[in-house]
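Colleague: Residue numbers (our numbering), protein chains in the order written: chain A, 1 to 540; chain B, 1 to 321; chain C, 1 to 296; chain D, 1 to 328.
These are calculated hints, taken from the structure and not from any lab test. One or more of the hints may lead you astray.
Computed cross-link-like contacts, PhoX-like style, restricted to lysine-lysine with a CA-CA straight-line distance of at most 25 Å [as the list claims (entries may be wrong)]:
| # | chain 1 | residue 1 | chain 2 | residue 2 |
| --- | --- | --- | --- | --- |
| 1 | C | K260 | A | K397 |
| 2 | A | K397 | C | K65 |
| 3 | C | K260 | B | K155 |
| 4 | A | K486 | A | K457 |
| 5 | A | K430 | B | K66 |
All values reported here derive from a predicted model rather than from experimental measurement.
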Amino acid sequence: MRKKFGVVLVITALTLSLLLSGCQPAVTVVEDEPMIVRRAQWNPPTGMFHPELLSSDYDSSVTALIFEQLVEMNPNLEFEPALAESWEFSEDNLSCTFNLRKNVKWHDGQPFTAEDVKFSLMFVGHQDYKGARYSNVSSIVGMEAYHAGESLDVEGIEIIDTHTIKITTSEVFAPFLLNIGGRIMTAKHIWGDVEVATAEEQTELLRNPVGTGPFKFEEFVPDQYASVVANDKYWAGRPKVDGIVIQSVNQDTAMAQMLNDEIDIMTVTSFNPDDMAMYEENDIQVLKALLVAVQYMGINHEKEFLQNKLIRQAFSHAINRQGIVDELLYGYGEVADNPFPPSIWAYPPQDEITHYEYNPERAIALMQEAGCEYTDGIMYYAGQPVELSLLYPYGNKVREQYAQVIHQNMADIGVTIDLQIMEFATLSDKCEAGEFDLYLMGIGTSFDADQRYIWGKNSRFNYGRYFDETSIAMMEEGVKYTEVEKRKDIYLEWAKHMNEQVPNVWIYNWYSAVAVTPKLQNVQFFPGGVYYDVINWEFK
Amino acid sequence: MRTFLIRRALLMIPVVLGISIIIFALIHLAPGDPFTHMIEADPNVTTEDYENLLRSVGYYDPLPLKYVKWVGQLLRGNIGHSISYREPVADLIGRRLSNTLLLAIPALCLSTIIAVPLGVISATRQYSIFDYIVTIIAFIGISIPAFFFALLLVKYIAFDLKLFPISGLSTIKSGFTGIRLVFDKLHHMALPITVLTFVQVAGRMRYTRSAMLEVVRQDYIRTARAKGLSERTVIYKHALRNALIPIVTILSVSLGRLLSGAVLTENVFNWPGMGTMVYKAIANRDYPVVMAGTMVLALTMLLANILADILYAFVDPRIRY
Amino acid sequence: MGVPISQTNRRLEQGLSPWSIALTRLKRNRMALIALGVLIFLVLIAIFAPFITPYSRDEITMENKFQPPGNGHLLGTDDLGRDVFTRLIYGSRASLSVGLVATSISMILGVTLGAIAGYYGGMADNIIMRIVDIFMCFPFFLMAIVMAAILGPSIYTVMAVSGFLSWPILARIVRAEILSIKEREFIEAARALGLKSADIIVSHILPNTLAVIIVYVTLGIAGGILGEAGLSYLGLGVKQPQPSWGNMLAAAQSFRSLIKHPWLWVPPGILIFITVLSINIFGDGLRDALDPKLKR
Amino acid sequence: MGTLLRVRNLITSFNTSEGQVVAVNGVDIDIKEGRVLGVVGESGCGKSVTSLSIMRLLPKSNGIIAAGIIEYNGQDIVQLSEAEMRNIRGNEIAMIFQEPMTALNPVLPVGEQIGEALEIHQSLTLKSRENRLRCIELLKMVGIPRAEEIVDEYPHQLSGGMRQRVMIAIALSCHPRLLIADEPTTALDVTIQAQVLDLIRQLKKQLGMAIMFITHDLGVIAEMADDVIVMYAGKIVEEADTYTLFTNPRHPYTQGLLASRPDKMKRDEKLHCIRGMVPSPLDMPPGCAFAPRCDHCLPACYQAMPRLKDIEPNHRIRCWLAEQGCNN
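For reference, chain A alone in the conformation it holds in the complex (with noise of 0.2 Å):
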């Protein structure tokens, strides 16, 4: 009995063992075999594929190759013509009409026109829209009353012809072309009779979008992944590739998928020499991209004791920034010292602003001259120990290892801080309720120098509750002009103005990069994204 039992035991290993791995895809290449492209991202799209409504980004990386906007923005950060063949705006700045491309076909075969401009201008602007865009269309002429429900249509959008569309905006709006012009157009055609309220739960429309863009919707599998094909018909020509798989990874275990030729395209996370080595040979193209997007610590400008810029420049000089971004970042980034990253106009030249360089004894003078007192190694302020709490959110390995530094550089100028991690949803929640003193976050800023939502009145980003007027004006100012070269000397000064004020302690802005197969080609990656000339790619 025992002996037949183990017989029977080896014998199902066997085979199970023997089935399992008999059954490995087999590595044969046919000639006339697809050529696809696998994407891998951290978690499955989630189906929500109407480019307006989408929240997450797993979504919008399978709606980008579908659809399309008015204007794209290029490599350099500057604006081409996408849908819209060319633009001119008006002498006061206040209207620009959009000549759209008349060859351009919906991929159900209907044809592109401006009825389908304002339809989409007009659903982000819907009283019962429940995306978050509206902000980016609300200075059209006419969008506000519409948006209130006191109107049936937008006067600031008038067709002209098939394919001239003008728009015009209540005062000048400086991110005009990347606000309005960015918007993603979808039918009208298959969108106009759905009604606003309910546009969420169709699920049927949603799951297969019809746009415009190099590919075409081919399929969606919960949980897993997204699949497109690509448009034969596209008014650019068809993409070299014949389709794209976003599809989900544990992002621990991406890269060894990256390696064992499991996926294509992925974003990696760390700058690790250890990682670029293995990359490097696998024959695996890494690039780079400096990100419009800021790392900083976020203060708490109702507590007394941070609303001395003294004490605010103190954490500046004690954080040993440099460090963070030459050891954790590898050098993949740059320290911030104000609100703009260096890939915008904005950015100010180097020798206008103050550099706050790392120098805890520096830290410590200007704490002592802010009131406090330092003794036997401690911080004294009102004669308690300077004892503080930084929030940080779970989800950034980098934040999480750079929360620990500044808890020992703190230490250094003899303040304590009180590391408590958390979930974004939690952190979130603290922070608007201000029950925090400093707290970790990274932030994509915009493309355009208008920092409004993060700095104005009412935004829900300012959770440092810092209302600063003369800030508050000159961000004012700064909008009210389109042409770059005005607008550059308002914002050097708010530049100026933000970096003695220290309203955020900036940490750094950051390199992202992706890591693409070897067999793939023209893959451009920058701030925007993978996507640019995306008809391009192509297998070796």
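Assemble the complex: chain A is given as a structure, and chains B, C and D must be docked to it using the hints.
Modeller: Quick look at chains B, C and D alone, frame taken from chain A:
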């Protein structure tokens, strides 16, 4: 039997109610709201729009009202609409539950098939070399964190030896059909099932062993031997049938456990199951999914317990309801 | 005629309490003794951590990160240049105390409620058993995640979560044990003597269930340590900068560390493994020693 | 009549963590065809171990027959292989155990438990009709009413007395030539006890098997046995036919046992009891094991163990009093 089942079902009501109230309160007490992640995606959103969104999902209602609304919907057969997945929770759970069962049931069967005979042999040969070896392997199984074991498998089996895929449900866009498709699926299931099986085998084997040790010192085993029955009949008919009584109970309970307990394994292998669904839904504060997901898991536990009672009656003639 | 020597011996043995019998049995179980030795050693290490290692626990030297073992760092350095050996030694404090505290919480709740339910029966039993049912149905990790979201992750959260979610099993065991003991003669006798219920529970029933409780508690500590490791994998374990074996082991999550930096995760992995293994073996030995039915 | 079972110098010991324990030490037994041998003694004196040794059912992990021969029907069964032994168990030699409540398998129907023995020893397939009919017949034979129904019932549905009857049915199913009854009535109520004893006696008459009847109850011995052996601490201390033993007990231990029977007690008289306890097999006194408890103890008793000595035909005792010829 029927009255027993009815009584059990009635007893379930306060328990289900209690579970739902506690989970409901906990998840709503946790700070944060379902749209927080939108801020990261879209910094331009205004406070007003944001509050409108929250209002549309009833975020500002007082807690008891929210609960009553939820129960009301539930009684009308509507378990809700996911905030982050934007689809009916029922569809989502249907999909995730079947994915989890795809791992849980084979793991349960496999671990039982391996564990019970090993436990029996190690009990009948107590203090033999075999017993010691099996015991040590079992202890290793109990003593290693599941996720760690999973990661080791990923590194050595999937990455170094390339025997199995690193993660996922199946080869994407493979175009496989028929038997190839089934094999491809099995190929992807192999590693997660190995983890879940190994982790369970240990405990179940120890359990079988001690149940058997308890049984073989009973008088009726001596009686059976005194009849001149062969050792095999004595062990596998007389002893095992009695030892099965506690084992069966443990089995059905562990099925309930397995569904939620697989969250770490699912996570490592990027397996879209119930555990990861609820885990992500908690992070996203997707209240309908959290509630429905945890309730489904809790109900499975309860049903597993009832199933245990029913099976009990099958294997033990002394129990009649 | 003198009293034969053998009789004195016999008397001695008959005077042995069940505890000393258990102790004698335990002493003969070599595996269990080795396991106990390992555990004592680990506890001593945890207590005397500061005297064992020259480095300070959280000292960050970013330039020294990912140093392999050697060069003054016995087990190398971690991602922030902290000494892995030092953190490992200190990590034993967190891991062991999580196990101990969580089990204590679960023991206090489980024993008290189980005893009340078992002894008084009726309404109290009904209510407590329904609560037990409710808690038994909670999916452990998922509830832990929710509680960590509410309380914020910290070592105390881990302790509370593990403790509050594991007491129902113990409550059930204690209740069942008490139900079976309650009807025995000596309890009847105690009742006849007019002892108060609480006295009976505390001084008569509990000591008789102690064997079960002790075994459960031993194994519970192992469960606590593993639970902390699991939560750490999800990032909800003991929070930085405090080290625990669990959050050190979580380094293996990064694929790079998994293949290039084994010194980050092998030592905590081995320590968790050895500790839990020792606890399991010791617990098993304890069960054998305390089981009056088991004769070898 | 021939000797059915002949045991010579049986030594059975157990390996325990405290060391080797000798439970049966040099026992000689003769059972003739059709005779009933009663074995008496206090708990722990080695009665049950003797019977288990004969069945070769000692716990496998630690019980061993260290020496001696057990001759059944002229064949030494100590030397038999396990398979050959299985042929004897339940077939030639059957056994009834003390605890009817636990000796039956709770998860199998009564009929199946009887039928199993029939299947292996009489080639009646378990599920077959003949097997079933035979089971019913056997149940009827042991006096169970509604045998047709009981055959499908489970042990927990039966009373203690009924279960013991089922046990007897199992034991007698294959017409054994020797039945070992190990305290078959101890756990039963007095009235049931009498019924079961009656049944055994009647079946013995009907089937003509020999019985080794183990008990600590001298009353039962008086009723059942033809011959008696008295055991103390793993050894036989007195051996005689029943009449002789009861009328002329010679060993102080036997005398003590007889004297301590409550039914012999007069009102207001203090119940006689043998002082002290059975010594632990772990530390046996060097001389006579009973010496510390004996009222007639001699210095020699602490020195060495006396032999089992014939004091009259068919009457032997193991006592220094007998050795030295000074009978009381």
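Colleague: Each hint should be assessed against the structure and marked as holding or not.
Modeller: Each hint, compared with the structure:
1. A hinted pair counts as satisfied when its Cα atoms are at most 25 Å apart, and K260(C) with K397(A) qualifies at roughly 17 Å.
2. Proposed proximity of K397(A) and K65(C) is supported: the alpha carbons are some 15 Å apart, at most 25 Å.
3. Distance hint between K260(C) and K155(B) is fulfilled; the C-alpha atoms sit about 11 Å from each other, no more than 25 Å.
4. Distance check on the hinted pair: K486(A) and K457(A) sit about 24 Å apart at the alpha-carbon level, within 25 Å; holds.
5. A C-alpha spacing of about 22 Å is found between K430(A) and K66(B), which places the hinted pair at or below 25 Å, so the restraint holds.
The structure agrees with every numbered hint stated previously.
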